[in-house]
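Trainee: Sequence:
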Amino acid sequence: MRAEENPPSKPAEPVTGGLFDGTAAVRTAQSRGETVDQVLDRNLNELLQELRVAFTGVQILFAFLLSLAFTQRFGDLDSFELTVYTTTLMTTALATLLLIAPVSFHRLVFRRRQKAALVIVADRLLIIGLALLVASISSAVLLILDVALGRGPAIVGSSATALVGLLTWYALPLAIRRSGHGVMPHDQVRGDGHQDA
Numbered sequence: 001m002r003a004e005e006n007p008p009s010k011p012a013e014p015v016t017g018g019l020f021d022g023t024a025a026v027r028t029a030q031s032r033g034e035t036v037d038q039v040l041d042r043n044l045n046e047l048l049q050e051l052r053v054a055f056t057g058v059q060i061l062f063a064f065l066l067s068l069a070f071t072q073r074f075g076d077l078d079s080f081e082l083t084v085y086t087t088t089l090m091t092t093a094l095a096t097l098l099l100i101a102p103v104s105f106h107r108l109v110f111r112r113r114q115k116a117a118l119v120i121v122a123d124r125l126l127i128i129g130l131a132l133l134v135a136s137i138s139s140a141v142l143l144i145l146d147v148a149l150g151r152g153p154a155i156v157g158s159s160a161t162a163l164v165g166l167l168t169w170y171a172l173p174l175a176i177r178r179s180g181h182g183v184m185p186h187d188q189v190r191g192d193g194h195q196d197a
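For the sequence shown, the working numbering gives the first residue as 1, with consecutive numbering after it.
It is possible that part of the hints are untrue.
Here are the simulated distance ranges between beta carbons [unchecked claim]:
| hint | residue 1 | residue 2 | range |
| --- | --- | --- | --- |
| 1 | T86 | T56 | 20 to 30 Å |
| 2 | A160 | A93 | 23 to 33 Å |
| 3 | E46 | T23 | 12 to 22 Å |
Just so you know, these hints were derived from the structure itself, not from any lab.
We put the CB at the ideal spot given by N, CA and C, even for glycine.
Take these sequences, add in the hints, and give me the full structure.
Mentor: Dropping the structure here:
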């Protein structure tokens, strides 16, 4: 392909408002004494660390589910267990895709000065991917306990797993966020402009 057929994209003017609004990053930079690029770099590094933790779990679960279909006992699953297996496999596959998606997104916007959009999209994909991971872990517990202990204990164990996941991954953080507990007042900012953790 010749260069004139595929011209490089021109840097766009910053877009304010809407889904990809970067003003939150600007406010954070001002309150922490950082540049916007430093805030975005720090946010992206934090997201990458979180993705590594989540992705390790989903990888192990996905590998287990893929290998399970090739065992001799798989043919003995009843229709309920087969439905639970399918649900577990699909939620795990979707969680895997969502947790990997920020990598593709980053590659496609690389060096386009769209890191704010990358951070926002990766954040939302991680939240949705984690919700699917709660569903897949709970479904896996349901399947394994159903085979090992029976339907009643499986439903109890799976429900407890889902409840703990939803409470600790979503309800607790959202309750703390809404209450405002743990927010450092601006007068507690250190002399170098950074808040103490």
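Trainee: Against the range 20 to 30 Å, how does the distance between the Cβ atoms of T86 and T56 compare: consistent or not?
Mentor: Given about 24 Å between the Cβ atoms, the range holds.
Trainee: So does E46 sit 12 to 22 Å from T23, Cβ to Cβ?
Mentor: Given about 19 Å between the Cβ atoms, the range holds.
Trainee: Does the beta carbon distance between A160 and A93 stay inside 23 to 33 Å, or does it fall outside?
Mentor: holds (24 Å)
Checked against the numbered hints above, the structure violates none of them.
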